[in-house]
Amino acid sequence: MKWNGWGYSDSRFLFNKKGQAEFTGKRYRLSGMIIPGLKDWMEGTFGASLQHKAPATPILNSTAVQPATINEAFVEEVKATTIPFSVEAEDRVFRAHGHCLHEIFALREGKIGRVPDMVVWPSCHSDVVKIVELASKHNVCLIPYGGGTSVSSALECPPEETRSIVSLDTSQMNRILWIDEKNLTAHVEAGIVGQDLERLLNESGYCTGHEPDSMEFSSLGGWVATRASGMKKNIYGNIEDLVVHVKMVTPRGVIEKSCQGPRMSTGPDVHHFIMGSEGTLGVVTEVTLKIRPMPEYQKYGSVVFPNFEQGVACLREVAKQVCAKSLSCFFWHALKPQVSSIFTSFLDGLKKFYITKFKGFDPNRLCVATLLFEGDREKVLQHEKQVYDIAAKFGGLAAGEDNGQRGYMLTFVIAYLRDLGMEYYVIGESFETSVPWDRVLDICRNVKARIIRECKDKGVQFPPLSTCRVTQTYDAGACVYFYFAFNYRGLSDPIHMFEQVEHAAREEILANGGSLSHHHGVGKLRKEWMRETVSDVGLGMLKSVKDYVDPNNIFGNRNLL
Amino acid sequence: MCTSKYTSNLVFVANHISAVSSFLQHTDPMLKKRDEFEDMLEERRNSSDFRYALKCYTPVVYKNLTPCDANSLKSMVLQSDQLHYVISQVSKETGRTREDLQEEASGIIEEMAHRLQLSTVRFFAFALCKVFKTLFKSICVNEDGIQRLQQAIHEHPVVLLPSHRSYMDFLLMSYILYTYDIALPVIAAGMDFMGMKVVGEMLRMSGAFFIRRSFGGDKLYWAVFSEYVKTILKNGLAPVEFFLEGTRSRTSKSLTPKLGLLNIAIDPFLKGEVFDISLVPVSISYERILEESLYAREMLGVPKPKESTSGLFKARKVLSEDYGSIHVYFGQPVSVRQLAEGRVNRCQFSLTPRYIPMRPNEDVQTFVNDTAYRLVRAQEENMVLKPWVLLATILLQAEDLERGIPLEELTEQALWLRDLCRQYGGFLHWPGMCSKVISSSLSLHHGLVRLSEGNVYLALSGGPVSPEEQVLSRAVPVLSCVSYRNQALHVFVRPALLATAVHTSASNNKQDIFNTFSFLRNMFCNEFILCPNATVQDFEEACFLLVKTGVLQVSQQEMVVTPRGHRTMSFLSRLLLPFVQGYQVVCAFLCEKASDTLTEKEFVQAIRKFVIKQLLSGTLRYPEVLSSDLQKNAFAALLRLGAVHKVKSVDQTGLKINKVTVNSLEDTLGKNPSLMSDSNSLFQKIISNVFLGGKLPTPKASVARL
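Note that the protein sequences, when read in sequence, are chains W and S. Using UniProt numbering, you'd call the opening residue of the first sequence number 1 and step up by one each time. Using UniProt numbering, you'd call the opening residue of the second sequence number 1 and step up by one each time.
The hints are simulated quantities; they were obtained by calculation from the structure and are not laboratory data. Quantities reported herein were computed from a predicted structural model and do not represent experimental measurements. Be aware that a few hints might be false.
To be verified - On the chain S side, residues computed to face chain W include the following (Cβ under 7 Å):
| # | residue |
| --- | --- |
| 1 | F275 |
| 2 | E341 |
| 3 | G342 |
| 4 | R343 |
| 5 | C347 |
For each residue, glycine too, the CB sits at the ideal point set by N, CA and C.
Next comes chain S alone, as it looks inside the complex (with noise of 0.2 Å):
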């Protein structure tokens, strides 16, 4: 079975591959287009805050919109048929009276609504106006895209999708739009937040509502949540604003979307409640990210600081430094109407009424995941990268990370990566001069990079301390770099999961590559956004790029690097190498150190013990391996692949791992690249299944194949 699926794949790539120049040449990333900027902090210098932050508000608003205020919004939820449903059901489950139920709702909405206040709002304009005065160079928005968000929200309504890299991002998000006078969105906030009690409030008067971050089982609660959000979107009260990837990103890549909200929000067009829905990605970048080291200590281990008021005040010392500039991109407008286009059946949501929530079946889940990685795809390609970006990419891939790059060299290669950045659709902000360009990155670093006897290098202090602490200590600036070069993995990491191929194959026949592309994709599906389903897509796009840029000379057969295309192919290599790395060790962990006793909690800590004792004794290069990101997407990946297995008991999670599983993966993320050839081994049998999705052999089995 296994090889005729493996023929059919071949047919169907190999007819991929000669469409491909043709088809893709609309999609030149080169050629994409996108909006000039805008400083709006610039006005704010030149004017009163004061003025500015009593200025007349009056938004254009959904055209169909009958106003209604957050009392009537509150009891719309509590009276409306789906809760009422719910509320029987759970009765009748639960034995507890409907009274009962419906003032636990009443609760409910009154934990979590919002009570958005055009006063809160001002106060926040005049002092966000401050403080973003104080920190931040710029402020850049596409006003282009402002202009299209508020013919959006006149046509239908809207839903906000902002990137998640900061505390900020949703205060500024608010900002902007009332500074550009676009409805304030209402966004869903994480109950975290109300633990810091004034600011808590403040932040619901500014139009937050807070969700419960966990609420699984707990139907009531779904159901006034999920009304509250469709109610507003229905009667197109106002933007709904929410954060696809759940949570801050700590390491600036984007993180596998959460489909939750997004469910809830799609569902009043997929049940023909409102005509039609407009996504907006929004991409917030920042030059210096105000948590980069609280970030870099957290993947460390060190947990995340409970949200207080008190803590906000703390971090008034951030206040004294310079943190450069913020673009925001609003991105096009997505209709849901336009997506769905033939691909969700609307007429299956006929038979019930509408009011009784049932859960999505099969093709609404893909369709809606698939939304998602758009979306997320969407934010990640109008993200504006900073030089620092490319600087730090650079300098993490020097020999030796200690003794740094010749500023001349770090020069040169930036000017190279820039050119390369761009032809692969990266959205550069270069401003001007190279030589001008670098030095201002590097003063506004300081903290992370030096610069002495003409070396750049990072900012690695070391302390008289244990051996592990100072790997520890040492590894801070090293991820804080490290999440910077990740905001340009999107760009890279299609032809950098090929190039990988092409250096791990066994040969340069295109099956070959494509399989061990394919199988790589596949493993690294957690750490990176790769859309399900999409990897002959991404094969093409990776394929394309390397061919465009003269990297990769393609035949009918074979796929050859071409003689200049060695600098490229390596730089991309050694971009996912930390990662292949990271993943192989995470293998031999579980293969060599693991008990069988292992815990799911315990994994953490006593992978970073293996990973210190790996850079200490030197078999391990980076230590970006010891982010505990890292370390939980491979973890992961060896769950979906089927390697490990949770065990639940009592009171605990425990592992179940099957070594063969693990080894042979471990095996072909590179060490050994001879087995891939080896057709009558077991790896080949076991990496086919990877690639094709197929769920990987039992032991068993592959001892009888044995």
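Excised from the complex, chain W in its bound form (with noise of 0.2 Å):
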């Protein structure tokens, strides 16, 4: 794994020494391939050039990083239990950020703030409950840590703390506990990461269709703490909807339900306490999810639209139809052909085929939705035919299989691009909302056109890149994913001015009837909003349970309130 940017150390975009750009490695479809598009695509779009470069800091300076705070009681009382720890800087630094551009971007700079001053690796939930007792006793600020794929600066340590702060890693909680056929449920640790839970649950004939654009590095305690969604929600729903039971390890005690079933009226249900805590009540370390056999069908597909709106509407009808709710998963991608031409073999596939058939369409406006149907052969056929149609009727036009399954391969691989983006001054982040049907367009215009206007007004060379997809769809509503990019060169505080914009660009969103997040959460980066969001009397009610909880604060990363 990188220590300054995402994934794998091997995964990476870059330009070889002809100047071609190659994605290097063997883990993705893309691995090993050249990508003459994305030279073009950067220098045409951002403005940016080979020649100049901003590299990043090799490899970490530990003088950088400030002393350990070591609580040495604690420390004795850890040594005592046997579970395995660390204070060694590399440990403190990779556990000490999510993946915010701020936060990769001091990295590559070398810049290290608060960092935690020990790092725990508990290895099951016994473990978990004798580091929180001893917390407790010796007033130790935890931070549990998952897979580190934040991106809300929930794992930033607040730099008012002074306590001695302990990450507390699950990564060792990894085991799946029980598979339960006749209820079609798995009892899984907390630590263990999306992509080998799939894969356990495959070997066995499962599966959870659990799949956020993170899964191949979050976990599922990271999931629960956070109402993490998935792309494949549509059909087997979001984390809320999986969860049967959870347990979590709070300075008061454990918190679970009695028994397992699938639905209960005793009160409001505890398990909205926890999901959604993002870690500022305990540590969840088991879960019990539903699980599914695994699909016999699946098949992908692709639609091409003549512009966003009918794209939309499109969308807005498929969801109000059973197809929608029992299979299909929905993508879509408002990418300007230069975009997509990224990578080359969805540019040529879709160039041949606007040109040849479809010349009406204008480029510039041209959208294009990428599908997914899972489930017995029979009705996939049969809801595929259904969304086709509908489709037709917007001016959508088929646009293939091939397509359809490389907009989920870019999914993957976007987030390697940034980094690609950074060595070349551009800067970029994601962000998402979930917003009521009605108000999609307006949304994704107006907070678009924001973003190009702060940009602007505050003195951007290059016009930004500022486009929107939309990622998910409701009965009552979507969740729309904005990305945002510019060139930063000529700018001497590029981060600040980075973070105005995305602040603009959030109070935009507030403005046009958005919600503050749909599935990344509020961390410390959109907390500022929390009490407009859930109302005075709404944020009373969190604070209370936090001070009945955890009344010393030991759950102290001060996300959320």
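Taking the hints as your guide, dock the two standalone chains into a single complex.
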């Protein structure tokens, strides 16, 4: 894993000696491929140039890391439990950040702020109970750490924290404890990473179907703690639909329900204090999840629309129909052809496509939806037909399975692209919201325009990339992603400026009836808006729960509230 | 409670005054930058009008425009969610069928909708060329403003907000926009135009849409109308033009803005349906107003003739006159988004479907109101003042209106006033040598002013009629002059309120003066454009101007008139005096003459008789008090301050007059300034209530306190 960028160390975009873009490694379908369109796209869209590099600090300089504040008594007792721990600079720095732009940017520049003073690796629920007890006893601050893919500054150590900060890394708690084939549930330790969970379940013929974009690295406990959402949620549900039972260790003790009933009327659901608590109340240790037999049949697909408006209208219509609910998973790219041209094959297919068949489409307004159908064969084919029929009514044209599959592949490698951008003075970020159907188009237009306006006002030379896509559909609305990136050459404090623009964009989202977050969570990045989001009383309720569960603020990451 | 409010205000003001000079440095009106003008008639005089009318017209349009013809616009409105919702509401309430209501809605939109046609516009362009060239010396337009407008139209939906002084305004606007190849606006016009059969339809084809003057309770009408305007704006189909003042100002003073259409126009932004909307104030100033004496007569009680085609042709005799020049200034486009930043929380619209019409909450109302005032002030500021405006001002202040002023003195005063006006930020057009400017002004307005034996005086004609009729007929030229003087009022009104406050206050104490200023300002809110909630800013602005021009000296506690400041001070107070006395007369009338059975309808007639009497007896100096506009404003102020109440009965609206309050207001306006210092008096209490925006005490409570 990279210490200052996304994903595996062997996988990255780079420009080879011939000046061609290439994706290294062997892990992805794109690995080892040359991507000729990428250079032009970087230059054309951002005004970036291969001559102007902003290289990262190659290795961590451990002298830049603040010395650890050690709570000796705590360390002594941890030693006695034989739970592994470390005070090495590298271990601490690695767990001091998520993947917000400012976090990665600082690492690339070799700037390191407050980091945890110690890392512990519990290997089971009872280890966690011991650690939390000791932390309470010695007044040590605990910050749970799962996959480290947070994009809400949730993992940042509060700079004002004077106590010893201990990062509680759940990665060793990664076993499936049992699978119950009668009830189709699995009981799993919370530190398991998404792709391992899926792989292990697949070996037994099952799956959870929970596939967030970060599933290669993010953990089950992290999903629960942030109310995660996966791209197949239309078929399988979001994390809150999948969870049957949760165990969480808090300074007050362990919280869990007494049975595994599929639904209960027992007052407010205590699971909802746990889901989305973002590590402020305790550590999720074990989760019982719904599982399903692996799908009999999978089929990708894609549709091209003449413009974004018609595409959204089509999505809305599909969301009303059964075919969306039972099995299709919808995806949506509002990408200009240059963007899709990053991946030649994608472009070639498309180009031929609209030049030969759909001359009527304006290539600058054209949009692509990628689809994935899962389930039994008959139903998949039936629903596929329904979806294409609806699409046709909205001017959409089927664009083939291949393009659909490439769309999915893009999801996993897109995060690597940002690292390439940063090598050439391009910084960017994506952020999401959820919004009622009737506001989707308005929010997209206004937020994109706001980003462009803010960049212009703040003196960004090149027009920024400001685009969006609809990634999830619900009965009552959709999840919208925004992408924002620009070339920062000539700006003295690009990160500060970037944050101002991102802040303005979030204000715009809220003003247009969008939510504070659909699934990224609040962390510290967005907590200034919590009060207006959940009202004074709502915030008070959450605070009183925190006060009861964790009066000494042992789980002191200061997220959310 | 009063006292504590009072002190906190004192501290507030004191803090502010100390910060004034530094703060206002940036907003010194002298430093205001304004564009140059070009005469657009010049080219018309040198080339073919016919070819001009047929010229290639390809305006820049809104960047996100999906073109849409007049008919599909209508069906968009009829099929809108809002209309469907309102139809089902009304259907539930009244029991009428939806089909029936849908039918009515189609009828409304047929009656309302514009049918903009380029050919009609070309016809008008041709005809107007001919007319304008005979009527006017020049039509001057700031071309930079046109450039900005073009840019604004490309970027966002645009609302054009011209000032309204003449029937000409909207034809003139379209004419200018056509000439400069700018997208033609659709224009909200009063239904009364539709009465003019052919002309009404022609106006419709040149972009006018017609709205009924009053449709207060008619939900369906409101829904069709607001959806119509919003659909045009949201899709950027055309700039929408309307008059913030609601109607033509007969007095050349800007009118208190009407908020209905502005509310509708801002709504798509607040609800996130567009990224932004640009509001463009346009100031149209006429050197000589076509309707000059018509207006004066109307103010004096001759009712306004109904718009009719034949009436328009009768107006042909105006064609033989010279009406000088027109200046049209396209102001800086104002971004609604920027104005709303930090003032309106747009999240409030997230919890209800946007097609359900909702009464705007208080925040939004205040915001729209402030925006409206701001725009009217922007119109005022860019209004070009002709030299005659200053001459009229001076002539109206003459000791004896009949005798007038010696030309030399007039010239000297005009020069002095010119400089003062410039210092106060007036947008003065003073072409060349003083004597020449004056003589050409006098000759242009030969109907109002005479020059003989070196004296300049108003043309007050008197015939062999009854004294009452004579008073009225002599008031006609006076009121015409007043309407010219009024054009400059916005430049002087704040300093004039301060000057009057300094004169009437019991002491030089800053707080006393502020209190009096605040009282006067509150009293004259209906008369001048004074934004509610801006008392402190207005006071600061007035202080800044008077201090800057060396008229006042302000120390920690006191404000003192400097020796060389007396001339300005007396000019400023005399400027306001007709209004002060006019309001006092209205008060006196209500106290002395008004019977208990006086109705609102009778008020206008009765007060006119009363004023004529006062003028004849010599107790009142100013014939302009005869202006029904002034009387109505005074009446509205008294209603607002609770000194008069309306009592509605079946067939009429009666008036209940609180004589104690009216009396005290009359006195406070200046009859007996010493009352101001009597802290035990009832008046003091009333006054402090009035300027602090509180309600006047009820008579019972007042009596109890006495």
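Going by Cβ atoms only, is R343/S closer than 7 Å to chain W? violated (12 Å)
Margin query: Using the nearest Cβ pair, does F275/S come within less than 7 Å of chain W?
Written below: holds (4 Å)
Are C347/S and chain W close enough, Cβ to Cβ, to be under 7 Å, as the hint says?
holds (6 Å)
**Asked** Can we keep the E341/S interface hint, with Cβ of chain W closer than 7 Å?
**Response** It is violated, given that the least Cβ distance between E341/S and chain W is near 10 Å, above 7 Å.
Less than 7 Å between beta-carbons is the criterion; does G342/S satisfy it with respect to chain W? violated (10 Å)
Hints 2, 3, 4, counting from the list given before, are not met by this structure.
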